[in-house]
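J.: Single-letter residue listing:
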Amino acid sequence: MGTLGRAGLAAAAGRARTLGMEGERPASQALSSGLPAGGADGDSPGDGAPLPGSSGSSTLLQAEVLDLDEDEDDLEVFSKDASLMDMNSFSPMMPTSPLSMINQVKFEDEPDLKDLFITVDEPESHVTTVETFITYRIVTKTSRGEFDSSEFEVRRRYQDFLWLKGKLEEAHPTLIIPPLPEKFIVKGMVERFNDDFIETRRKALQKFLNRIADHPTLTFNEDFKVFLTAQTWELSSHKKQGPGLLSRMGQTVRAVALSMRGVKSRPEEFMEMNNFIEMFSQKINLIDKISQRIYKEEREYFDEMKEYGPVHILWSATEEDLVDTLKGVASCIDRCCKATEKRMSGLSEALLPVVHEYVLYSEMLMGVMKRRDQIQAELDSKVEALTSKKADTDLLTEEIGKLEDKVECANNALKADWERWKQNMENDIKSAFTDMAEENIHYYEQCLATWESFLTSQTDLHLEEASEDKP
Amino acid sequence: MEQAPPDPERQLQPAPLEPLGHPDGGLETVVGEEVEGARDESPGDGTVRRRGGRGPGACVGAYNRNLMLFLFRSVEHIDGQSVLTDSLWRRYSEFELLRNYLLVYYPHIVVPPLPEKRAEFVWHKLSADNMDPDFVERRRIGLENFLLRVASHPILCRDKIFYLFLTQEGNWKETVNETGFQLKADSRLKALNATFRVKNPDKRFTELKHYSDELQSVISHLLRVRARVADRLYGVYKVHGNYGRVFSEWSAIEKEMGDGLQSAGHHMDVYASSIDDILEDEEHYADQLKEYLFYAEALRAVCRKHELMQYDLEMAAQDLASRKQQCEELATGTVRTFSLKGMTTKLFGQETPEQREARIKVLEEQINEGEQQLKSKNLEGREFVKNAWADIERFKEQKNRDLKEALISYAVMQISMCKKGIQVWTNAKECFSKM
Numbered sequence: 001m002g003t004l005g006r007a008g009l010a011a012a013a014g015r016a017r018t019l020g021m022e023g024e025r026p027a028s029q030a031l032s033s034g035l036p037a038g039g040a041d042g043d044s045p046g047d048g049a050p051l052p053g054s055s056g057s058s059t060l061l062q063a064e065v066l067d068l069d070e071d072e073d074d075l076e077v078f079s080k081d082a083s084l085m086d087m088n089s090f091s092p093m094m095p096t097s098p099l100s101m102i103n104q105v106k107f108e109d110e111p112d113l114k115d116l117f118i119t120v121d122e123p124e125s126h127v128t129t130v131e132t133f134i135t136y137r138i139v140t141k142t143s144r145g146e147f148d149s150s151e152f153e154v155r156r157r158y159q160d161f162l163w164l165k166g167k168l169e170e171a172h173p174t175l176i177i178p179p180l181p182e183k184f185i186v187k188g189m190v191e192r193f194n195d196d197f198i199e200t201r202r203k204a205l206q207k208f209l210n211r212i213a214d215h216p217t218l219t220f221n222e223d224f225k226v227f228l229t230a231q232t233w234e235l236s237s238h239k240k241q242g243p244g245l246l247s248r249m250g251q252t253v254r255a256v257a258l259s260m261r262g263v264k265s266r267p268e269e270f271m272e273m274n275n276f277i278e279m280f281s282q283k284i285n286l287i288d289k290i291s292q293r294i295y296k297e298e299r300e301y302f303d304e305m306k307e308y309g310p311v312h313i314l315w316s317a318t319e320e321d322l323v324d325t326l327k328g329v330a331s332c333i334d335r336c337c338k339a340t341e342k343r344m345s346g347l348s349e350a351l352l353p354v355v356h357e358y359v360l361y362s363e364m365l366m367g368v369m370k371r372r373d374q375i376q377a378e379l380d381s382k383v384e385a386l387t388s389k390k391a392d393t394d395l396l397t398e399e400i401g402k403l404e405d406k407v408e409c410a411n412n413a414l415k416a417d418w419e420r421w422k423q424n425m426e427n428d429i430k431s432a433f434t435d436m437a438e439e440n441i442h443y444y445e446q447c448l449a450t451w452e453s454f455l456t457s458q459t460d461l462h463l464e465e466a467s468e469d470k471p
Numbered sequence: 001m002e003q004a005p006p007d008p009e010r011q012l013q014p015a016p017l018e019p020l021g022h023p024d025g026g027l028e029t030v031v032g033e034e035v036e037g038a039r040d041e042s043p044g045d046g047t048v049r050r051r052g053g054r055g056p057g058a059c060v061g062a063y064n065r066n067l068m069l070f071l072f073r074s075v076e077h078i079d080g081q082s083v084l085t086d087s088l089w090r091r092y093s094e095f096e097l098l099r100n101y102l103l104v105y106y107p108h109i110v111v112p113p114l115p116e117k118r119a120e121f122v123w124h125k126l127s128a129d130n131m132d133p134d135f136v137e138r139r140r141i142g143l144e145n146f147l148l149r150v151a152s153h154p155i156l157c158r159d160k161i162f163y164l165f166l167t168q169e170g171n172w173k174e175t176v177n178e179t180g181f182q183l184k185a186d187s188r189l190k191a192l193n194a195t196f197r198v199k200n201p202d203k204r205f206t207e208l209k210h211y212s213d214e215l216q217s218v219i220s221h222l223l224r225v226r227a228r229v230a231d232r233l234y235g236v237y238k239v240h241g242n243y244g245r246v247f248s249e250w251s252a253i254e255k256e257m258g259d260g261l262q263s264a265g266h267h268m269d270v271y272a273s274s275i276d277d278i279l280e281d282e283e284h285y286a287d288q289l290k291e292y293l294f295y296a297e298a299l300r301a302v303c304r305k306h307e308l309m310q311y312d313l314e315m316a317a318q319d320l321a322s323r324k325q326q327c328e329e330l331a332t333g334t335v336r337t338f339s340l341k342g343m344t345t346k347l348f349g350q351e352t353p354e355q356r357e358a359r360i361k362v363l364e365e366q367i368n369e370g371e372q373q374l375k376s377k378n379l380e381g382r383e384f385v386k387n388a389w390a391d392i393e394r395f396k397e398q399k400n401r402d403l404k405e406a407l408i409s410y411a412v413m414q415i416s417m418c419k420k421g422i423q424v425w426t427n428a429k430e431c432f433s434k435m
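Taken in order, these protein sequences are the chains called C and Y.
Positions 1 to 471 (UniProt numbering) are the ones given, in order, by the first sequence.
Positions 1 to 435 (UniProt numbering) are the ones given, in order, by the second sequence.
Chain C on its own, in the form it takes in the complex (with noise of 0.2 Å):
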């Protein structure tokens, strides 16, 4: 995989290909220039992330964590095979792929300890007076202990989902979690829920909850746990608690003023990991464009086919002579018609919403970082605040000493976080572009017989004819 002896941004001197070819014809430029900043509409997660709570919430997490890994009877229970056993056994009802189920075996990062399978299904449409809204229908199948029972079913909202994800911010404010589905698509929506756009919302939406089971730290929140497993009104009643809504937006604005200041001070390997996902976010955001790009280019192309077998047969009506090289290739072009069908198919499947997910992880990254950094800031104006011996110097230490902690836990855990984020992203893309290239081998395969078997044929024919012509 990777060669030795290469640092970070040091090889991008090394690297450097020839950027912008100006060889290039309109149509591609057209996707070059300029930075597209991220497409979504989704909530950035930046946005009114509260202060986090106890100090000490994160670290009892981790110690959770650890426990678990050590208790031998939780693991007994699964086997590897059960495991996928179980997965299958839940999955008839989702319209699964072979590809996307081998993505969903792909992230779990131990296969042998996943006793959390969730699916999300069945969209149904609910109108009251004051609006419409979707509910999606949540599985939960599981082992584990802390569950009260081992099968789960609730009907949640994208609301809900959002509180969720708040939730989890809230409480792991430098942890990286998944992203949602944004709120809405602005360009090219007519109607907000028509099929595609549900079904794709759909299958992010149970994307993000898996993400959040196979997470280390994650998957044991209560909050998750609450949505997974509460009725609705029991939702309701526990969403109330917590910080209100006003607390919440005054610690905003602190938040954003000490977060500039944070960004300042930044250690080393948080400002090459910032460097990174600055540059990763304006990649992926690319790869997006031009995926999807890709996709309507080759839905016009399966248009225009579309029409161009039935044009042969049109021609073979006068042509008495001609009739079998005509038909025959026009039943080529629409088998190639289809391949191309199935390909784009692929696409939408394996890579689309890959790529479109990273895309939403870059912005929610950027948000990490910035929590990160408020956390170092408020750290940072204790510590100048008692240089400056503003204020009661002994209450000032113990508070640094607080806050130094809070800090080296914050910075921990996005650090772990971020190896195995990047882990994942590497796999997810690799298995994403793979699939690709197989899509496309695979088309390429069965336009080469396709054609291959009509050239036979004519030729075949001809020496047929040949010899009859022969005296």
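There's no promise every hint is true.
Calculated cross-link-like contacts (lysine to aspartate or glutamate; reagent style DMTMM-like; alpha-carbon spacing at most 20 Å) [stated by the list, open to error]:
1) Y/Lys420 x C/Glu452
2) Y/Lys419 x C/Glu445
3) Y/Lys255 x C/Glu426
4) Y/Lys404 x C/Glu320
5) Y/Lys429 x C/Asp428
6) Y/Lys404 x C/Glu452
7) C/Lys203 x C/Asp428
8) Y/Lys255 x C/Glu272
9) C/Lys296 x C/Asp417
10) Y/Lys420 x C/Glu445
11) Y/Lys255 x C/Asp428
12) C/Lys415 x Y/Glu256
13) Y/Lys255 x C/Asp417
14) Y/Lys419 x C/Asp334
15) C/Lys296 x Y/Asp231
16) Y/Lys255 x C/Glu269
17) Y/Lys255 x C/Glu419
18) C/Lys327 x C/Glu300
19) Y/Lys429 x C/Glu399
20) Y/Lys396 x C/Glu272
21) Y/Lys420 x C/Glu438
22) Y/Lys429 x C/Glu438
23) C/Lys327 x Y/Asp259
24) Y/Lys404 x C/Glu319
25) C/Lys430 x Y/Glu256
26) Y/Lys404 x C/Glu278
27) Y/Lys396 x C/Asp195
28) C/Lys422 x Y/Asp231
29) C/Lys430 x Y/Asp259
Computed spacing ranges between beta-carbons, pair by pair [unchecked claim]:
30) C/Glu320 x Y/Arg118: 29 to 35 Å
31) C/Asp303 x Y/Asn177: 51 to 57 Å
32) Y/Ser220 x C/Arg137: 52 to 58 Å
33) Y/Ser433 x C/Glu151: 19 to 25 Å
The set of hints was computed from the structure by calculation and includes no laboratory data.
For clarity, every value in this text was computed on a predicted model and none was experimentally measured.
No residue lacks a Cβ here, since even glycine has one placed at the ideal position from N, Cα and C.
Following the hints, complete the assembly by docking chain Y onto the known chain C.
T.: Chain Y alone, transformed into the frame defined by chain C:
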């Protein structure tokens, strides 16, 4: 066995008859006795080589914004010696002149068409500019093809003006114009909208006209759709090129994935640029179809000429019939048809017997003349039909061969494109899997 039309006025008999053949033997279509034998042996009567390099080769130079054609041709004498004569230059307009001449002097022949004057059925990346080098090259091939077609036609290849086109540097235009062919050209043919009500149309020609209309319509349709498909295909390939650029930039920040991304990006570039050659090849295929699009017009031209001939014949017969009737009336004194003479006679008095005799005599002379003319017109008509159908049969065979070959070559192109695609994506997949 095809014969030149009997009318001595219409066929220039070249004095030293130099049959034109192709030294490489692909076109054994030397006229006359050898034709039948050659047909059986050679791979295809009138096989046309698509690219330059052999035979009446041509290369193009651009000179003073006019398209000049630079000709090489070799003339094979009857005794088998091959002589490479001087090369000369011809403009597109001279090709047009040649063709117009052939159309007039060989009305019963399906005269090979010229390539398009302006680029049509263009898809967006293909230039519609007549000075674009790709267009110029394709036109060169088209003109070469035209010459090969004429050279391999059993009758046309014998024509002296054609021979001079290939050999006479200066004054060729004057020579052509001296034949006075423009005067011979029936101006009625130019009136595209004119319809001639023919009482007894030849069914075969009517069907042929119908066929040529359909051929033209379906090939146009096909070329239009093909151009749109090409456009879209171009888009799909080229957008992938962007992956190349972005992967490369991305690889700069990736420790693990960097190499894989970089090399995968390279393959995306290869993929994106491969479409240019693919579509260029397809353009040549489109040109092959276009030739038959224009051939449809040539077919229709033969039908029209026949129509005109038939019309003239019927008019002549009608004239004759009415004169005969007039004569009869004068002779018998009965007036069955209205005539001005008859009216004036009624009004101003009978004419004298001498006058009547004179008139009858004139009429009888005219009738004689008319009968002669009708006879020869009939003969002409029958000859025309016979020769035309012979050439049409020849044309049909050529068309079936050529179109089948073209369609097969299209399949070959698709196969090659698929193989390239498999290659590139297999390479890319390998790079991705190494990331």
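J.: Now tell me if each hint is right for this structure.
T.: Evaluation of the provided hints:
no. : hint                            : result
1   : Y/Lys420 x C/Glu452             : 14 Å, holds
2   : Y/Lys419 x C/Glu445             : 8 Å, holds
3   : Y/Lys255 x C/Glu426             : 10 Å, holds
4   : Y/Lys404 x C/Glu320             : 12 Å, holds
5   : Y/Lys429 x C/Asp428             : 14 Å, holds
6   : Y/Lys404 x C/Glu452             : 16 Å, holds
7   : C/Lys203 x C/Asp428             : 16 Å, holds
8   : Y/Lys255 x C/Glu272             : 13 Å, holds
9   : C/Lys296 x C/Asp417             : 36 Å, violated
10  : Y/Lys420 x C/Glu445             : 11 Å, holds
11  : Y/Lys255 x C/Asp428             : 16 Å, holds
12  : C/Lys415 x Y/Glu256             : 18 Å, holds
13  : Y/Lys255 x C/Asp417             : 18 Å, holds
14  : Y/Lys419 x C/Asp334             : 19 Å, holds
15  : C/Lys296 x Y/Asp231             : 13 Å, holds
16  : Y/Lys255 x C/Glu269             : 15 Å, holds
17  : Y/Lys255 x C/Glu419             : 13 Å, holds
18  : C/Lys327 x C/Glu300             : 24 Å, violated
19  : Y/Lys429 x C/Glu399             : 55 Å, violated
20  : Y/Lys396 x C/Glu272             : 74 Å, violated
21  : Y/Lys420 x C/Glu438             : 15 Å, holds
22  : Y/Lys429 x C/Glu438             : 7 Å, holds
23  : C/Lys327 x Y/Asp259             : 47 Å, violated
24  : Y/Lys404 x C/Glu319             : 11 Å, holds
25  : C/Lys430 x Y/Glu256             : 11 Å, holds
26  : Y/Lys404 x C/Glu278             : 57 Å, violated
27  : Y/Lys396 x C/Asp195             : 54 Å, violated
28  : C/Lys422 x Y/Asp231             : 39 Å, violated
29  : C/Lys430 x Y/Asp259             : 12 Å, holds
30  : C/Glu320 x Y/Arg118: 29 to 35 Å : 33 Å, holds
31  : C/Asp303 x Y/Asn177: 51 to 57 Å : 53 Å, holds
32  : Y/Ser220 x C/Arg137: 52 to 58 Å : 55 Å, holds
33  : Y/Ser433 x C/Glu151: 19 to 25 Å : 38 Å, violated
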